[in-house]
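Undergrad: Each chain is listed here by its residues.
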Amino acid sequence: EAGVTQFPSHSVIEKGQTVTLRCDPISGHDNLYWYRRVMGKEIKFLLHFVKESKQDESGMPNNRFLAERTGGTYSTLKVQPAELEDSGVYFCASSIRGYEQYFGPGTRLTVT
Amino acid sequence: AQKVTQAQTEISVVEKEDVTLDCVYETRDTTYYLFWYKQPPSGELVFLIRRNSFDEQNEISGRYSWNFQKSTSSFNFTITASQVVDSAVYFCALSGLETSGSRLTFGEGTQLTVNP
Numbered sequence: 001e002a003g004v005t006q007f008p009s010h011s012v013i014e015k016g017q018t019v020t021l022r023c024d025p026i027s028g029h030d031n032l033y034w035y036r037r038v039m040g041k042e043i044k045f046l047l048h049f050v051k052e053s054k055q056d057e058s059g060m061p062n063n064r065f066l067a068e069r070t071g072g073t074y075s076t077l078k079v080q081p082a083e084l085e086d087s088g089v090y091f092c093a094s095s096i097r098g099y100e101q102y103f104g105p106g107t108r109l110t111v112t
Numbered sequence: 113a114q115k116v117t118q119a120q121t122e123i124s125v126v127e128k129e130d131v132t133l134d135c136v137y138e139t140r141d142t143t144y145y146l147f148w149y150k151q152p153p154s155g156e157l158v159f160l161i162r163r164n165s166f167d168e169q170n171e172i173s174g175r176y177s178w179n180f181q182k183s184t185s186s187f188n189f190t191i192t193a194s195q196v197v198d199s200a201v202y203f204c205a206l207s208g209l210e211t212s213g214s215r216l217t218f219g220e221g222t223q224l225t226v227n228p
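Top line first, the protein sequences correspond to chains A and B.
Here our numbering is used: position 34 in the first sequence is 34, and no number is missing along the way.
Here our numbering is used: position 70 in the second sequence is 182, and no number is missing along the way.
Only chain A is shown next, with the shape it has when bound in the complex (with noise of 0.2 Å):
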């Protein structure tokens, strides 16, 4: 079986470009979540999808960023206009029930 997949693994952008990063859930699973971590620091919870639902949005930082999940399958991250604040490694998870999260392998930002 698959795992969480997730891409770009690496993506440098400039200030104010835009990045969209994705992630594909285990299959079956239907909550994923949006985890970040930014310079060396603990891994912060972003927002959390039931199916193609926002359960809880409450870690998202600003306005800039925007998480969709299309038809309850893969989501996608955007962050528009990226900042240099927004450097860090970004994990997707996926889950059956929640309890035991799955992780991705993460996708590297760096913004110059």
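It should be emphasised that the hints constitute simulated quantities derived from the structure, not laboratory data.
Just so you know, these numbers come straight off a predicted model, no measurement behind them.
C-beta atoms are modelled at their ideal positions from N, C-alpha and C, and glycine is treated no differently.
Incorrect hints may have been included.
[Stated by the list, open to error] Below, in silico cross-link-like pairs of lysine-lysine (DSSO-like), each with a Cα-Cα straight-line distance of 27 Å or less:
1. B:K115 <-> A:K41
2. A:K44 <-> B:K128
3. A:K44 <-> B:K115
4. B:K150 <-> B:K182
5. B:K182 <-> A:K41
6. A:K15 <-> A:K41
7. A:K15 <-> A:K78
8. B:K150 <-> A:K41
9. A:K54 <-> A:K41
10. B:K182 <-> A:K44
11. B:K182 <-> A:K54
12. A:K15 <-> A:K44
[Unchecked claim] Partial chain A-side listing against chain B, Cβ under 7 Å, derived:
13. K41
14. E42
15. I43
16. H48
17. E100
18. F103
19. P105
[Stated by the list, open to error] Sample of chain A residues with no beta-carbon within 12 Å of chain B, all distances over it, derived:
20. V4
21. T18
22. D56
23. S87
Keeping the supplied structure of chain A fixed, place chain B upon it in accordance with the hints.
TA: Relative to chain A, chain B alone:
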């Protein structure tokens, strides 16, 4: 608010030594889950264990063992006879079902280096 503290930023040991990674948590929830994840150099987060707040039994899985103590709000992780392949960043995490649902609150991680 929920919080997870991993006071050890980095630990370095020699192969075959035992090592304990500390995790202290704060939550007002009575029902919560505690987790450990491993992040090897390849970058993905690998699930290791989940414990619920009503089960304080210690658990052993091969060379790994976990000590959950509600009295001290700790969920420590011990690796016995460490190996070079154990080198990774280890994260402790918490989800409090009453206040935060299934979202995870992570500690800052402990970088473990096992030297040959």
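Undergrad: Against each hint, give a clear statement of whether it holds in the structure.
TA: Here is what the structure says about each hint:
1. B:K115 <-> A:K41: 13 Å, holds
2. A:K44 <-> B:K128: 33 Å, violated
3. A:K44 <-> B:K115: 11 Å, holds
4. B:K150 <-> B:K182: Within the cut-off at roughly 23 Å; holds.
5. B:K182 <-> A:K41: Holds, at about 26 Å.
6. A:K15 <-> A:K41: 22 Å, holds
7. A:K15 <-> A:K78: 14 Å, holds
8. B:K150 <-> A:K41: 15 Å, holds
9. A:K54 <-> A:K41: The given pair, whose Cα atoms are some 25 Å apart, holds under the 27 Å limit.
10. B:K182 <-> A:K44: 24 Å, holds
11. B:K182 <-> A:K54: 33 Å, violated
12. A:K15 <-> A:K44: Distance of about 22 Å is within 27 Å: holds.
13. K41: 6 Å, holds
14. E42: At 5 Å from the nearest chain B Cβ, A:E42 passes the 7 Å test, so the hint holds.
15. I43: With a minimum Cβ separation of about 4 Å from chain B (threshold 7 Å), the hint on A:I43 holds.
16. H48: Holds - the Cβ of A:H48 comes within 7 Å of chain B, reaching about 6 Å at its closest.
17. E100: 6 Å, holds
18. F103: 4 Å, holds
19. P105: Holds, about 4 Å.
20. V4: 8 Å, violated
21. T18: 24 Å, holds
22. D56: 6 Å, violated
23. S87: Holds: least Cβ distance 16 Å, greater than 12 Å.
Checked against the numbered hints above, the structure violates hints 2, 11, 20 and 22; every other hint is satisfied.
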